[in-house]
Amino acid sequence: MRILIVEDEADLARVLRAALEEDGFACDTALDGRDGLFRMESATYDAIVLDLMLPGLDGRTLLAKLRARKSTPVLVLTARDEVRDKIALINAGADDYMTKPFDLAELIARLRALIRRSANVAVPTLEIGDVKIDTVARSVTRAGAMVDLSPKEYALVEYLAHHRGALVTRTMIYDHIYDDEDETLSNVLDVYVSRIRKRLGAGFIRTRRGEGYIVDA
Amino acid sequence: MRSPRFASSLLWTALVWQGLVLAMVIVVFGTVLHWRTRHALFGRVDAGLQDRARMLATSMEQDVITGWDLELEADYLATFTHSGWYEVKVGEGKFVRRGGNVPEDRAGDSVGFFDRADDREFVLTAPKRVRVRVGQSIVAEREELRSMLLFTAVAGAAVLASALVGGWWLATRTLRPIARMSATAGSISERDLTQRIDVSALPGELRDLGTTLNAAFARLESAFERQARFTADASHEMRTPLSVLRAQAEHALRKERSPSEYREGFENCLRATLRMTHVVEQLLALARADAGEVRVAREPVDLDALVNDAVRETYGEAASARVTVSYTAHAVTVRGDEALLHEVVVNLLSNAIRYNKSGGRVHVALRPEAEWCVLTVEDDGEGIPADALPHVFERFFRVDLARTRERGGSGLGLSITQRIVEAHGGSIAASSRLGEGSVFTVTLPRNPHGEREPA
Numbered sequence: 001m002r003i004l005i006v007e008d009e010a011d012l013a014r015v016l017r018a019a020l021e022e023d024g025f026a027c028d029t030a031l032d033g034r035d036g037l038f039r040m041e042s043a044t045y046d047a048i049v050l051d052l053m054l055p056g057l058d059g060r061t062l063l064a065k066l067r068a069r070k071s072t073p074v075l076v077l078t079a080r081d082e083v084r085d086k087i088a089l090i091n092a093g094a095d096d097y098m099t100k101p102f103d104l105a106e107l108i109a110r111l112r113a114l115i116r117r118s119a120n121v122a123v124p125t126l127e128i129g130d131v132k133i134d135t136v137a138r139s140v141t142r143a144g145a146m147v148d149l150s151p152k153e154y155a156l157v158e159y160l161a162h163h164r165g166a167l168v169t170r171t172m173i174y175d176h177i178y179d180d181e182d183e184t185l186s187n188v189l190d191v192y193v194s195r196i197r198k199r200l201g202a203g204f205i206r207t208r209r210g211e212g213y214i215v216d217a
Numbered sequence: 218m219r220s221p222r223f224a225s226s227l228l229w230t231a232l233v234w235q236g237l238v239l240a241m242v243i244v245v246f247g248t249v250l251h252w253r254t255r256h257a258l259f260g261r262v263d264a265g266l267q268d269r270a271r272m273l274a275t276s277m278e279q280d281v282i283t284g285w286d287l288e289l290e291a292d293y294l295a296t297f298t299h300s301g302w303y304e305v306k307v308g309e310g311k312f313v314r315r316g317g318n319v320p321e322d323r324a325g326d327s328v329g330f331f332d333r334a335d336d337r338e339f340v341l342t343a344p345k346r347v348r349v350r351v352g353q354s355i356v357a358e359r360e361e362l363r364s365m366l367l368f369t370a371v372a373g374a375a376v377l378a379s380a381l382v383g384g385w386w387l388a389t390r391t392l393r394p395i396a397r398m399s400a401t402a403g404s405i406s407e408r409d410l411t412q413r414i415d416v417s418a419l420p421g422e423l424r425d426l427g428t429t430l431n432a433a434f435a436r437l438e439s440a441f442e443r444q445a446r447f448t449a450d451a452s453h454e455m456r457t458p459l460s461v462l463r464a465q466a467e468h469a470l471r472k473e474r475s476p477s478e479y480r481e482g483f484e485n486c487l488r489a490t491l492r493m494t495h496v497v498e499q500l501l502a503l504a505r506a507d508a509g510e511v512r513v514a515r516e517p518v519d520l521d522a523l524v525n526d527a528v529r530e531t532y533g534e535a536a537s538a539r540v541t542v543s544y545t546a547h548a549v550t551v552r553g554d555e556a557l558l559h560e561v562v563v564n565l566l567s568n569a570i571r572y573n574k575s576g577g578r579v580h581v582a583l584r585p586e587a588e589w590c591v592l593t594v595e596d597d598g599e600g601i602p603a604d605a606l607p608h609v610f611e612r613f614f615r616v617d618l619a620r621t622r623e624r625g626g627s628g629l630g631l632s633i634t635q636r637i638v639e640a641h642g643g644s645i646a647a648s649s650r651l652g653e654g655s656v657f658t659v660t661l662p663r664n665p666h667g668e669r670e671p672a
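If you're matching them up, the sequences are chains H and F in order.
Read in order, the letters of the first sequence are residues 1 to 217 in this note's numbering.
Read in order, the letters of the second sequence are residues 218 to 672 in this note's numbering.
Hints are computed from structural coordinates only; laboratory data are not their basis.
Even glycine gets a Cβ: it sits at the ideal position worked out from N, Cα and C.
Each hint should be verified, as a subset may be incorrect.
To be verified - With a straight-line Cα cutoff of 20 Å, these simulated EDC-like cross-link-like pairs (lysine to aspartate or glutamate) come out: (1) H:70 / H:58; (2) F:574 / F:534; (3) H:65 / H:21; (4) F:306 / F:335; (5) H:152 / H:180; (6) H:70 / H:175; (7) F:472 / H:180; (8) F:472 / H:175; (9) H:86 / F:450; (10) H:152 / H:21; (11) H:152 / H:182; (12) F:472 / H:103; (13) F:472 / H:22; (14) F:472 / H:21.
Unchecked claim - Distance ranges between label pairs, derived from CB positions: (15) H:169 / F:578: 53 to 59 Å; (16) H:106 / F:639: 34 to 40 Å; (17) F:607 / H:34: 54 to 60 Å; (18) F:516 / H:103: 50 to 56 Å; (19) H:182 / F:639: 54 to 60 Å; (20) F:517 / H:103: 52 to 58 Å.
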């Protein structure tokens with residue numbers, strides 16, 4: 001899952017990114033509004049963490065511009081905790097907000113919930129055949145037995161599971177499980193897919209030649 | 218006007234006074250009218266009595282043979298007894314002629330007018346001991362006077378009552394705009410300061426009051442807004458470093474980390490703490506200034522030495538920003554607080570350095586004038602946009618948020634500088650051209666508040 005953090009306080013952006021990456025998210029950061037807008041428009045994110053008081057282009061304007069084009073879930077970080085401000089935020093298109101200073105674990109849980117919702121999944125556990133994916137513990141079991149996956153492999157499984165029944169192109173996968181700084185090789189995806197098939201069964205991921213992959217069609 | 222206390226109500230005061238004055242006018246008018254009418258009525262009666270008495274006196278004739286006789290027609294005499302009476306006497310009853318219901322003569326020898334129960338009497342004496350008495354009933358006149366008095370009283374009461382009712386109506390109408398104004402003023406509270414009195418609906422006399430009140434409300438509203446914005450800004454200023462602290466600590470505690478990761482985390486926390494400390498100190502300084510707690514010492518301060526110190530102090534900052542600082546010195550002494558004035562110069566200098574470009578120049582000049590001392594800090598940096606210039610001394614105002622934060626500004630420095638200068642009885646102004654640089658001019662009185670140099 002790929003997250004964009006738009007936060008002008010560099011120290012906060014750095015900690016947020018480190019924490020989110022540790023939890024398996026791919027993260028990009030933007031330190032001002034203009035860069036944030038550019039990134040939002042040029043890449044596909046699964047969720048956006050947006051600080052309201054931003055230099056260059058303030059968070060509210062940014063939100064309005066984003067909402068004119070995309071429905072990416074947005075969690076707003078605000079330093080104000082007036083009810084009026086919160087209502088205005090949600091009405092402006094924010095999906096959730098947190099008041100600074102916030103709890104890191106809560107922020108991550110809320111982000112996961114937002115991503116689940118936008119993929120039309122209500123529960124944190126996904127079941128496909130005898131494969132169970134726990135998105136909170138980020139673990140996968142097959143017929144009750146724990147399956148050992150690398151973080152990127154897990155991210156790929158989770159992403160495909162969130163889009164079960166739909167065609168997922170290679171570009172979508174690259175866009176959502178890597179951030180701007182990851183160095184990717186074009187054939188690394190084939191390596192991941194074959195390793196996942198080895199562990200979760202050959203039929204878990206089906207290939208549509210030249211188009212992409214489908215889980216549980 | 219909703220609950221007027223009787224004694225303090227404008228309406229009742231006006232009504233009571235109006236009633237009192239009007240009642241007095243009616244009583245005086247009634248008295249004069251009564252007196253005049255009475256005078257006219259009795260004057261007529263008296264004139265008639267006098268005429269009759271003279272007629273009787275001149276009609277008395279004395280004949281040597283027959284003695285005294287009254288030479289008057291009986292018909293004519295009959296008119297005398299119509300509503301009165303007469304009596305003519307000569308000596309001690311030598312000749313008496315009377316007509317009508319003559320009362321007993323109680324006047325003795327006296328002459329003139331007398332009042333009896335229902336009559337008015339006139340007595341006159343003529344030569345040869347002729348004594349004439351005439352009288353007339355004044356019952357009708359008294360009745361007329363009484364009915365007139367009654368009429369006056371009823372009319373007066375009616376006039377008074379209608380005047381009071383009219384006055385009450387007029388007064389409530391006049392007071393209604395005041396009531397509306399007070400209702401508007403009453404509905405203006407801390408939560409909703411946006412309401413205003415509709416001045417155009419007010420009568421001319423109250424318009425000034427309405428405008429004055431509206432101006433006061435506007436000042437109140439903007440003061441509250443400033444306060445609210447300041448509180449929100451201050452809270453934002455604290456919440457951001459707090460969230461860095463919290464997120465950093467939570468992240469570090471999630472699992473065992475390498476010493477270098479811990480080190481980086483602690484450095485991050487320290488930066489956030491320093492920033493918070495800086496903001497708290499500045500907020501405290503401003504709060505003290507707002508509460509009027511800043512005591513400004515009035516000691517002679519050598520401004521020249523002070524500027525030299527400040528330039529030396531900011532040398533490191535200037536060198537790392539590749540900015541050259543020059544100073545046109547002039548020996549000037551002002552009276553004030555050395556530490557506070559030092560803060561002013563350092564604040565202005567480090568702003569000029571911080572918002573300059575690499576290779577830029579900062580020029581400080583000190584210029585004494587007759588009663589003032591002018592300090593200018595000039596830079597050739599990016600300058601301040603014209604629309605931002607009037608706000609640079611406002612709390613938490615930043616020309617460019619990102620630029621300020623990345624260069625470590627809190628947005629409070631110029632506010633504090635301004636407070637210090639004003640506490641010294643001076644003023645500070647900023648002028649700027651975008652892309653060419655800015656000039657901050659501090660004007661300090663050389664002898665503030667007209668204090669004398671100690672001898």
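Structure-based check of each hint:
| no. | hint | verdict |
| --- | --- | --- |
| 1 | H:70 / H:58 | holds, 18 Å |
| 2 | F:574 / F:534 | holds, 13 Å |
| 3 | H:65 / H:21 | violated, 27 Å |
| 4 | F:306 / F:335 | violated, 23 Å |
| 5 | H:152 / H:180 | holds, 15 Å |
| 6 | H:70 / H:175 | holds, 15 Å |
| 7 | F:472 / H:180 | violated, 26 Å |
| 8 | F:472 / H:175 | violated, 29 Å |
| 9 | H:86 / F:450 | holds, 17 Å |
| 10 | H:152 / H:21 | holds, 11 Å |
| 11 | H:152 / H:182 | holds, 11 Å |
| 12 | F:472 / H:103 | holds, 16 Å |
| 13 | F:472 / H:22 | holds, 10 Å |
| 14 | F:472 / H:21 | holds, 14 Å |
| 15 | H:169 / F:578: 53 to 59 Å | holds, 57 Å |
| 16 | H:106 / F:639: 34 to 40 Å | violated, 46 Å |
| 17 | F:607 / H:34: 54 to 60 Å | violated, 26 Å |
| 18 | F:516 / H:103: 50 to 56 Å | holds, 52 Å |
| 19 | H:182 / F:639: 54 to 60 Å | holds, 56 Å |
| 20 | F:517 / H:103: 52 to 58 Å | holds, 56 Å |
When the structure is compared with the earlier hints, violations turn up for hints 3, 4, 7, 8, 16, 17 and for no others.
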